[in-house]
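Q: Okay, here's what each chain looks like letter by letter:
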Amino acid sequence: MIHSLFLINHSGDIFLEKHWKSVISRSVCDYFFEVKEKAVDPENVPPVLQTPHHYLISIYRGKLFFLSVVQTEVPPLFVIEFLHRVADTFQDYFGECSEGVIKDNLVTVYELLEEMLDNGFPLATESNVLKEMIRPPNILRSVVNTLTGGSNVGDTLPTGQLSNVPWRRAGVKYTNNEAYFDVVEEIDAILDKSGTTVFAEIQGVVEACVRLTGMPDLTLSFMNPRLLDDMSFHPCVRFKRWESERVLSFIPPDGNFTLMTYHVSSQNLVAIPVYVKQNINFFETGSCGRLDITIGPKQNMGKTVEGLMVTIHMPKVVLSANLTATQGNYTYDLTTKVLVWDIGKLNPQKLPNLRGSLSMQAGAPKPEENPSLNIDLKIQQLAISGLKVSRLDMYGEKYKPFKGVKYLTKAGKFQVRT
Amino acid sequence: MTDSKYFTTTKKGEIFELKAELNSDKKEKKKEAVKKVIASMTVGKDVSALFPDVVNCMQTDNLELKKLVYLYLMNYAKSQPDMAIMAVNTFVKDCEDPNPLIRALAVRTMGCIRVDKITEYLCEPLRKCLKDEDPYVRKTAAVCVAKLHDINAQLVEDQGFLDTLKDLISDSNPMVVANAVAALSEIAESHPNSNLLDLNPQTINKLLTALNECTEWGQIFILDCLANYTPRDDRESQSICERVTPRLSHANSAVVLSAVKVLMKFMEMLPKDLDYYGTLLKKLAPPLVTLLSAEPELQYVALRNINLIVQRRPEILKHEMKVFFVKYNDPIYVKLEKLDIMIRLASQANIAQVLAELKEYATEVDVDFVRKAVRAIGRCAIKVEQSAERCVSTLLDLIQTKVNYVVQEAIVVIKDIFRKYPNKYESVIATLCENLDSLDEPEARAAMIWIVGEYAERIDNADELLESFLEGFHDESTQVQLQLLTAIVKLFLKKPTETQELVQQVLSLATQDSDNPDLRDRGYIYWRLLSTDPVAAKEVVLAEKPLISEETDLIEPTLLEELICHIGTLASVYHKPPSAFVEGSRGVQHKRLPGSAGSGESVESPDTGSAAGVSDAPPAVIPSQGDLLGDLLNLDLAPPATTTGPPPPTSSGMQMGAMDLLGGGLDSLMGDESEPPPIPLRTDTPQSPQLPHQSPSPPDYSPTELGGDLGGSPAMGAGFGAPPAAMPASFNAPVSGGLDDLFDLGGGVGMPSGAYSPPKSIWLPAMKAKGLEISGTFARRAGVVQMEMTLTNKAMSVMTDFAIQFNRNSFGLAPAGPLQVLTPVSPNQSIEVALPLNTVGPVMKMEPLNNLQVAVKNNIDVFYFSCQYPISMLFVEDGKMERQVFLATWKDIPNDNESQFQIKDCHLSSDAASSKLQGSNIFTIAKRTVDGQDMLYQSTKLTNGIWVLAELRVQAGNPNYTVSLKCRAPEVAQCVFQSYEAVLKN
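Sequence order for the protein chains is A and B. Number 325 in my numbering belongs to position 325 of the first sequence; there are no gaps in the numbering. To get my numbering, take the position in the second sequence, counting from 1, and add 1000.
Isolated chain A (complex conformation) (with noise of 0.2 Å):
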């Protein structure tokens, strides 16, 4: 299993060192070091390596990498999803994930770290569960335990541990009973030169913030549940009745948790909310090129599109763009070659354009890639699969919570290729 841990910073320092068995000497990371030399993009940098003696399987989250080190045959996604839930854990814990804040708060993250993995095997993992043991750094509680004396360790075995439903404690309680639902669908997209859809498909996930009071049982329908083709629950769904009734049916965690995720297929027609008129031309001669682009709404289901963005990794030659926006601002980033233009909402009686000249780097030859188009964007009160929640009922508790759902559709992986 899990043998230790490291942290290592974007700089390649280890800032940090755990180990569940033995230890392990951090030169084994130097194995680590040398590939991530030759990846050049830290991005880049494979996630399962093999060295004489171990394994080392790493994650790159928040600019950090997260390397740990295996003897034996494991799993390889299973160290991999525990490191992810390693940096959720410190991202809810202390509210970012990063080299400073988890320098500001070692003794934590070790007592987390301790609690998370014994002996390399998984322990306790679930938020709700590991804030009953180790509570999160909060200044008034600091404060409160200086004077008092008090500790951040709970002392009584967490409830969640054993029971049925380990993922929530017993004994709740709140005098605003509130049940809240976002849906949120990203869509992933390839469009090409001429605008038609490559591939499309729908990421969706349904976030849930629930304050209720006691053992609610909750039951979400939906209207047109047959839209997904493939959808991951959290525990507490009933795989049972979603199988048979298509209903989800749920005790909830308490708090914020991932209910559903799921997804719409790139075989199911997509609604791509904006097209993108793009030309982008470098000269053979000149050391200059052309940008033009127009960006206009497609299927957007009357509504609006909000937080429009786009960015563009321009091949390394170019030096500078002198453009004009006729809405929002663009910035180009000499170091790292990235144009973004920063767009706002869209107007459909006045589409954005950004146009202009490219400088290059003088006697280059002309760039032989395409740079692509990222976009951004949002829509509010809007799942672009069409998916609609029906109704939320609640039972085994007899007061009335106040319920909710959101839609928002962002764009995901949406590129346009040039």
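Keep in mind that the hints were calculated from the coordinates and are not lab data. As the structure is a prediction and not an experimental result, all values here were calculated from the model. You can take every hint at face value.
Derived SDA-like pairs (lysine to any residue); straight-line CA-CA distance at most 25 Å:
| hint | chain 1 | residue 1 | chain 2 | residue 2 |
| --- | --- | --- | --- | --- |
| 1 | A | Lys413 | A | Pro297 |
| 2 | A | Lys193 | B | Ser1393 |
| 3 | A | Lys193 | A | Asn370 |
| 4 | B | Lys1283 | A | Glu245 |
| 5 | A | Lys366 | B | Asp1366 |
For chain A, the structure is supplied; the task is to place chain B on it using the hints.
A: Just chain B now, kept in the frame of chain A:
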């Protein structure tokens, strides 16, 4: 207030300060101090000196403080074992604590203290905890057994903890079950044959029940454990599948992949006509697709596994091509994997889409990826025949971009396309040639050279092109050098007249000036082939190439089966069996997929497109090599169709020696030859006069064609007149003349080149054969034994449908092809036929040794005759022995085997005799002159590998020569002597 404050201590006396604080009376101060110690520890500072002080803080009822001390203990106990003992009592006490959390914490921490002395104290508390009333404690204790086993395996077995652990598989609490399974699996890895996880239907049922209720991690352990079980029948298999399928909807990708593993394995047992089988197949696709929208690291592992799954069951994802399309900001390791799977899924149905994508990728930034994309286009062409044309035009488009690495990669794949579809796309060669100068990578250069050599006859300036490569021969990589060597030899075999210089140049570059043994060896082999047996050379060098397999990188099926059983593991990421690399698991058992129960046959694996088939079973030259002459009666009337294929490329004499040794007939001949004779490695220079002189000439030139060219051949030596009458088909003359300088044929003044061939004699008189008269002789031409016959029709009717067969004979002579009498022979017409022979036929000792029984058939009847061949035609071109070997062999052969003969009335000088004999492959190795008598030491080798050593004594002025022959098979001596006489007197 953050933990960073714990680092801000004064440098001076840091440890001292901490020590004071740890011993403080105030709880709060103590805790702060321990925190500081832990903080220093986490960043690798050595705070082990504080061990006794920290351990003193352990006896506290403050849980947080206790935990912190435990953390410290785990880290430093190893380095301070004696001190650690101090902590034992507290542990034992804590294991009895009323709070289950403290009991669990104590047993957990004790297991992490890797000190032998402590483990002894651990046993009793652990035993209690394994039976604790609280499941939280039990599940912690289960893991503790695995920890203890890691420290002291013997102790765990002696204390019976393994049995207790096995009992926990039946525990009422799912988490306990999961942890027990995990612990047992880990222990089992170090005891591959211990049978710890003895799975039976009852335990399987328990596991399946626990599966639904335990944590995601527990589910992974249970699923991985289930995958090791082999169900008794297809019904059990189906019921397990049904209970595992819901795991495909889990949010944790590792659970999903482990479930996929179980399903992929158990599916094998389901009958394919079962409805459930189809349902299951359909259920597998969506979760696999969903894995691809996860984080890139997860995608990578998923893709590596999908790569295995699509090889095993391509139908699962055949409609999901699009999800493997590459996004420009995917990490490179994801891009490359996606590309691989795209090619595996490519089919006629989706090829257009795939090609459009691949072309798009070819303009990306990342060079590795672009290269692989271009290569992928080539693989598509080879895989989907209908797309080949489109692929080629796409590749041509890419070549037009003139992007250097794209062009090079395209040329490499076009080479493969040429091989797969010969004679289809050669029109693009011109375009390829335009880019010759830009090729700077060895693989591309080699590919281009291969193309030029392969299609030399269609490229007008092939020789110039190859010559241009030759200039920098020594700066090229080995790959290019080897290819260049082969290409030039091909060119030579195709256009012999214009390219002798080139071939000479490359052969000498390869053999003399190169330090690379591979290159040298190949050079020598070609050289020898060309000089001994151009027919064989042509057959070898220009042989039909084996087909390129469609899927060049398919995993070998048994390995694939094993890897399918290891889906989700490191083995599946590396595509290697665990035994090949997992160090921790000593001696992993090989896993196999269970056989299908319903259909009785194992599931068909995807077409492996094996490249075999071509090399095996070359068509038999004679359909039925009859045992007795009587069998010859069964000659087919139709021209033998089976003889159209090329004879096996091993027909060259020197390779046959060893093979013939196996033939039974020549027992006595082979008597002493228990091992194949040494083939001398030629290290002499090509200019040396001993080189075999037979010129590498294309054998399929018909005599008449050559006759016409003869006079005009620019390469023809001045000393050559018309070929001797006895050699009507000596088409090798002009070329050998031209090659004189290459092989430096010792002056060659008026010396008839080529092996001695007796004049034709009548073998079959017309009277005995209903009007067919056959006269003939044998000759060795360019390393090939030929039977040259004149067929004369002395009957009144037309003769057609000629065929020939030999009876078994001493040297395994057999026709290498059908008798080529293409036109009917009309009355009073004679035709000349040359029948190439090989020596791979069945062997039977004849009396006399060189007797050959022949059957000839025509439309009238079958006729039999026998004739005797001069044994000199079986002397092979590499019959020159090394001096040292000669000496040793001469001494080694018993004197009884020596026989002496007199050759009378011979008026040649010793040099002339030597040169003449060499023409028949009798090689002079050394010459000694004693008292005016020249002694020539000579060697020759027969096609079946028998060496004959000779001493020829020539006295000046004495027309009588003496020959002493020594051979391990003395039977051949008489025949050899006859050949000596015949060669020297003619």
